[in-house]
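Undergrad: Sequence order for the protein chains is H and L. If you read the first sequence in the numbering used here, its first letter stands for residue 33, the second for the next number, and so on. If you read the second sequence in the numbering used here, its first letter stands for residue 33, the second for the next number, and so on.
Hints are supplied without guarantee of correctness; some may be wrong.
Said to hold, decoys possible - Ranges of calculated distance between the beta carbons of each label pair, as one might list FRET restraints:
1) Arg-201/H x Gly-199/L: 57 to 65 Å
2) Glu-120/H x Gly-281/L: 21 to 29 Å
3) Asp-105/H x Glu-342/L: 28 to 36 Å
4) Glu-206/H x Arg-124/L: 51 to 59 Å
5) Lys-170/L x Glu-120/H: 23 to 31 Å
6) Pro-60/H x Pro-181/L: 24 to 32 Å
7) Leu-140/L x Ala-179/H: 43 to 51 Å
8) Pro-183/H x Thr-99/L: 36 to 44 Å
Since the hints were made in silico from the structure, they are not lab data. Note that this is a predicted model, so its numbers are computed, not measured. All C-beta atoms in this analysis are idealised placements derived from N, C-alpha and C, irrespective of residue type, glycine included.
There are 2 protein chains.
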Amino acid sequence: MMGGRIVALSGGVGGAKLVLGLAHAMPPERLTVIVNTGDDFEHLGLAISPDLDTLLYTLSGQANPETGWGRRDEGWRFMEAMAELGGETWFRLGDHDLATHVERTRRLAAGATLTEVTAVFAARLGVKVGVLPMSDQKLRTEVQTPAGPLPFQLYFVRERAVPPVTGFRFVGRETARANPMALQALEQAGLTAILIGPSNPFISIDPILAVPGLRQAIRNAGVPVVAVSPIVAGRALKGPTAKMMTELGIETSALGVARHYRGLVDGFVLDERDAALALSIEAEGMAVHVSGTVMATLDDRVRLGRAVLEFAARLAVDRAPSRSGG
Amino acid sequence: MMGGRIVALSGGVGGAKLVLGLAHAMPPERLTVIVNTGDDFEHLGLAISPDLDTLLYTLSGQANPETGWGRRDEGWRFMEAMAELGGETWFRLGDHDLATHVERTRRLAAGATLTEVTAVFAARLGVKVGVLPMSDQKLRTEVQTPAGPLPFQLYFVRERAVPPVTGFRFVGRETARANPMALQALEQAGLTAILIGPSNPFISIDPILAVPGLRQAIRNAGVPVVAVSPIVAGRALKGPTAKMMTELGIETSALGVARHYRGLVDGFVLDERDAALALSIEAEGMAVHVSGTVMATLDDRVRLGRAVLEFAARLAVDRAPSRSGG
Numbered sequence: 033m034m035g036g037r038i039v040a041l042s043g044g045v046g047g048a049k050l051v052l053g054l055a056h057a058m059p060p061e062r063l064t065v066i067v068n069t070g071d072d073f074e075h076l077g078l079a080i081s082p083d084l085d086t087l088l089y090t091l092s093g094q095a096n097p098e099t100g101w102g103r104r105d106e107g108w109r110f111m112e113a114m115a116e117l118g119g120e121t122w123f124r125l126g127d128h129d130l131a132t133h134v135e136r137t138r139r140l141a142a143g144a145t146l147t148e149v150t151a152v153f154a155a156r157l158g159v160k161v162g163v164l165p166m167s168d169q170k171l172r173t174e175v176q177t178p179a180g181p182l183p184f185q186l187y188f189v190r191e192r193a194v195p196p197v198t199g200f201r202f203v204g205r206e207t208a209r210a211n212p213m214a215l216q217a218l219e220q221a222g223l224t225a226i227l228i229g230p231s232n233p234f235i236s237i238d239p240i241l242a243v244p245g246l247r248q249a250i251r252n253a254g255v256p257v258v259a260v261s262p263i264v265a266g267r268a269l270k271g272p273t274a275k276m277m278t279e280l281g282i283e284t285s286a287l288g289v290a291r292h293y294r295g296l297v298d299g300f301v302l303d304e305r306d307a308a309l310a311l312s313i314e315a316e317g318m319a320v321h322v323s324g325t326v327m328a329t330l331d332d333r334v335r336l337g338r339a340v341l342e343f344a345a346r347l348a349v350d351r352a353p354s355r356s357g358g
Numbered sequence: 033m034m035g036g037r038i039v040a041l042s043g044g045v046g047g048a049k050l051v052l053g054l055a056h057a058m059p060p061e062r063l064t065v066i067v068n069t070g071d072d073f074e075h076l077g078l079a080i081s082p083d084l085d086t087l088l089y090t091l092s093g094q095a096n097p098e099t100g101w102g103r104r105d106e107g108w109r110f111m112e113a114m115a116e117l118g119g120e121t122w123f124r125l126g127d128h129d130l131a132t133h134v135e136r137t138r139r140l141a142a143g144a145t146l147t148e149v150t151a152v153f154a155a156r157l158g159v160k161v162g163v164l165p166m167s168d169q170k171l172r173t174e175v176q177t178p179a180g181p182l183p184f185q186l187y188f189v190r191e192r193a194v195p196p197v198t199g200f201r202f203v204g205r206e207t208a209r210a211n212p213m214a215l216q217a218l219e220q221a222g223l224t225a226i227l228i229g230p231s232n233p234f235i236s237i238d239p240i241l242a243v244p245g246l247r248q249a250i251r252n253a254g255v256p257v258v259a260v261s262p263i264v265a266g267r268a269l270k271g272p273t274a275k276m277m278t279e280l281g282i283e284t285s286a287l288g289v290a291r292h293y294r295g296l297v298d299g300f301v302l303d304e305r306d307a308a309l310a311l312s313i314e315a316e317g318m319a320v321h322v323s324g325t326v327m328a329t330l331d332d333r334v335r336l337g338r339a340v341l342e343f344a345a346r347l348a349v350d351r352a353p354s355r356s357g358g
């Protein structure tokens, strides 16, 4: 049951925590993560892929536990010198972290794909989980606000997610193609579940689903799709998810998230504090599993990873007869 | 007499020391340095201008006194992380220093000239001396060796200047144009002397002289041209100058340097230890000034700067009558 192959969709911090837990709960080389690159941007001439880096740093034990981004034991001499030279400093790039961006930019300029660069970095950092950008082309999240659209990082970092959000646009969705390795992972023999991490549905998961072909490939995989709620007790575990839901007029609860995933998700993992929502979510046509979803420690992550895998496995058993009978 | 305008030609360390001395011996805003960019290269996707940076760092008090390159109080996290990612690490880029390269690359990509970028950095760092790249186009020194040609930094840093040198080629000299501001400085009213720093004649000064129009503009300026010997007692003060002279079959002495500058230089500044060479150098048609040329301290630099300025002023007085009489 735990011997199958798993695909997870992930944004940054929250998703990375679940993926780390999964990597301890199953053979990591059987796990493939399709990562949001809608937050990617070019800054100071460097190609920056925040969610890919969060995954690589988290899985290699190098993530900064305090900030939720960047690397641990980081230095800031580069930023100091940039300030001195009058360069842009609103996006913080640590001295260690910078090597990732410089080397990625160099490799991309030399003709490598983002998938290839990420694979090289994963190998160097000893990451055994397959970490895949959703696309090798640009598909960039643009945040709609009353004052006009903002590229994601300007909204999120420079403006500290303060402007109210009226919607999102995924710029490049007409021309971006799904990462062929991501499609392959979704079609591979032995796939037993697709998991959606406790990431922001709008800015972390929706960009992945906006890549042409990926949503369909997920539906076509014929395995349970299980999402973990990023909202617990009406609040986001991290970042502006709850704020966005309020601004978008969506119920700010795990139920709101579940409804957002309607038609895609078979099973929904709910925190114990939200157990009262289980019936309403089941009424949306999803199975519900109630668990501790707050991942403060590595143990929490492994426990949640294991719980999600077991829940998905139960769903697979449940749906098997109906399928052969259908 | 000391109120005139001065132009200096400079490579990295040795030239920068003299320029720093000059900047203390005269009003710095009347001093313009035309800097070698033949050592410039693109590395890790970054535009690197070692001699320009050495000038800016030296004049702003940020140079690393131990290494002769890079910045003081430097950190190496970026390099550590590059090694971890399998990137190239033979060219050491400090965490502070890196900001200069990233910001220069960004500004160049946005359409600024190297002259403009250098002026912005100089202003930010409080440098009052005019620091000018010799050209805004590429003119790159290529070192000829028995094993074939090597781009300068590969020869100098990666190969540690070990391969024997058979000659030099300045790639791009057909298309590079002189920095218009450098030409302007050489033609400006009030110019009283042109100084050639104690830099390597072959790889620091010759590239400047190879820029179309610069050598002629120096000759046309009608002011004394004074060179300071980079060779003292048969040895280079810094770097591979003496080694190169031996390999090129040039006498490894201040006399060899003076002969190299024949036809360009009116006055030659010789170290006390080489006073015995004065007559031979005068026989080459140059006036000679004997001075302490080793610049260990700031005082040494200021003293040498003052001596060079006074020597040039004397030469101007000496030549004035012969000119009006000729």
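Undergrad: When the hints from earlier in the document are held up against this structure, which numbers fail?
TA: Failing hints, ascending: 2, 3, 4, 6, 7.
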